[in-house]
Amino acid sequence: MNKKGQGVQFNWIFIVIAGVFVLMFFLGFLVKYMDIQDSKQNAQYGWDFKNHILGLKSTEQYSNFSAPRFKINYDCENIIINGDQGFSMPYSIFMEEIDSGEILFWVEEYHKGFLVDRVVFISDASKKYYFDEEYRSNIPPNIRLVSSASNADVVVSSDPLKVVDERDRKEIFVNNGMIEFVDDGERFLYDNDFFIYGAAFSNSEIFKCTQDDLEERFDILSELYISKISYLSSSQSASCTPLYNTLRNALTFSLTAAEIKSSNDNLINYGCEVVF
Amino acid sequence: MKRGQLQIQESIFVLFVFFIILVIGMVVFYQMEFRSIERMRKENEDVTFYYLISYVPAMPEVVCSEKGIVEECVDLVKARAFASYDNDYYRKIFGNRKIILNADGEKIELYDFEPSKYSAERIISTPVSVYNPRDKSYTIGKLEVYDYEN
Amino acid sequence: MKTKGQIDMFGLVIIVILIVMIGLFSLFFISRGQIDEREEYYSYKANNFANALSKYSRGNLNFKEMVLECCTGSRCEDLLDFVEDNFAYVDEPVSFEIECANSDYSGSRGSCSSGIASESIILQSGDLIRVNLCRK
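Protein chains in written order, with my numbering: chain P, 1 to 276; chain X, 277 to 426; chain F, 427 to 562.
Bound conformation, chain P alone:
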């Protein structure tokens, strides 16, 4: 009889231990399953997101994208969805961390005498922007503009009274060819209003890397155009040579966009083949 009772006790211990292992196994499976589903969903978001941007044609410069809320980051090389799935884009990008389900895109060409690159501005569609009047005309209609800085999430102004370092919004101070991110004090030179929009849509770190990237691309293109000038000046009439030299100097010494453009456009007035 004693032996029978001991046998029953032993059985229960075994069942409990086995049951615990089984439960741990199932819990482990559940956690793994949730991770996999998240990764799958992030990969799907990334695919939709990328397709949406790449689908923007030259005639559609802006559009909106809706999805269940997710987090998007950009590290100057890859766009990262929910800290998990990342992918690269063949464009320069201005954006900062977004945590939203409504995203807006704006594609704009950056010119410095000639086309340098097509740049994508990405933002949370619910954000409200205040720009000084002189910067408003180029902004597409899918960006929420407000008429008063006090209602805005992002303020871009050359009026120091409007950028007073309020903690709950982002402020960009534009003054004398300098862009300042008021929250971290970072300052950057700019030579094109295009970068004012870049600053509005990004943080100082992304702004710097994208601006540097565009400058590097400009330098590469300048070199390519200088090669083309060498080719053209040997095949065009001798009267074109001084004009090509002017343009070559403008590119070599990175003169202003207006000087570069006018040196090029002037060629056609003298019957010479334009470089760009």
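Below, computed lysine to any residue pairings styled on SDA-like, alpha-carbon distance capped at 25 Å:
1. X:Lys412 <-> P:Ser235
2. X:Lys318 <-> P:Glu77
3. X:Lys318 <-> P:Asp38
4. X:Lys318 <-> P:Trp47
5. X:Lys374 <-> P:Glu77
6. X:Lys374 <-> P:Gly86
7. P:Lys40 <-> X:Leu298
8. F:Lys490 <-> F:Asp511
9. P:Lys128 <-> P:Phe188
10. X:Lys412 <-> X:Glu385
11. P:Lys208 <-> P:Glu171
12. X:Lys368 <-> P:Gln44
13. X:Lys418 <-> F:Glu545
14. X:Lys343 <-> P:Ala257
15. P:Lys127 <-> P:Ile80
16. F:Lys562 <-> F:Arg535
17. X:Lys343 <-> P:Ser227
18. X:Lys418 <-> F:Glu523
19. X:Lys343 <-> P:Ala258
20. P:Lys32 <-> X:Glu314
21. F:Lys490 <-> P:Glu273
22. F:Lys562 <-> X:Ile400
23. P:Lys208 <-> X:Gly371
24. X:Lys418 <-> X:Pro391
25. F:Lys490 <-> F:Ser539
26. X:Lys418 <-> F:Ser534
27. X:Lys374 <-> P:Asp219
28. P:Lys50 <-> P:Asn203
29. X:Lys374 <-> P:Ile53
30. F:Lys430 <-> X:Gly280
Hint data in this document are derived by calculation from the structure and do not stem from the laboratory. Bear in mind that the values here come from a model prediction, so they are computed numbers and not experimental data.
Given chain P's structure and the hints, the job is docking chains X and F onto it.
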């Protein structure tokens, strides 16, 4: 006793087999899900690959333009200059691929980062209009993009 | 009892084997992947080819003038021959169509009767050209 032992063993075996079935089922399910994510990742890469066929002819480095206005053609002189440029910068855009423009009997390697080892090669191509500034002629060329799989 | 237990065990083993086989088959079919349509890619190629043809101009050969000569005169064979010579720039079966604005003439050349069509290009003369591309 013996009958009881036999019944216990039977129950244990039933549980064991049930467990095995579950484990196999879960492994199969996991494999399916991992492959699904891998397939999505590959499709994402494919999107970039196919997109390049429209991106490259419109790149500022090769696209035709006159007084800043872009035309739908490839400038032959720019393409030659781009091919001879050491284009490490473009690695982040094109990755391990090769891009060739065939124009006027000339084969211009616009970009070449063919890996030393690959398991498969895919090619996509498109006809393009090619402008030659020397004689202001427009001819037809072929742009090819090679993709290499590991 | 022993016999019944053995039968039960045998049944369970059969179930395990069946599940494993079903799982392996599913893996096989899933990993084969899906056929990729890529319609946008073919559409882009067709548009590119039509654009490249319409722009062609070298020496005495000018595509727009050839179209004009075809639609106002009768030299359509020269135009179609020229287009066919350039089919080599497209890997897929392709066809070319022309519709003259001011005459009843409409012609075509190529081996793709219905595929992915390019956008119709209407030249300055009002004549229309179009390219069709078939998948390989």
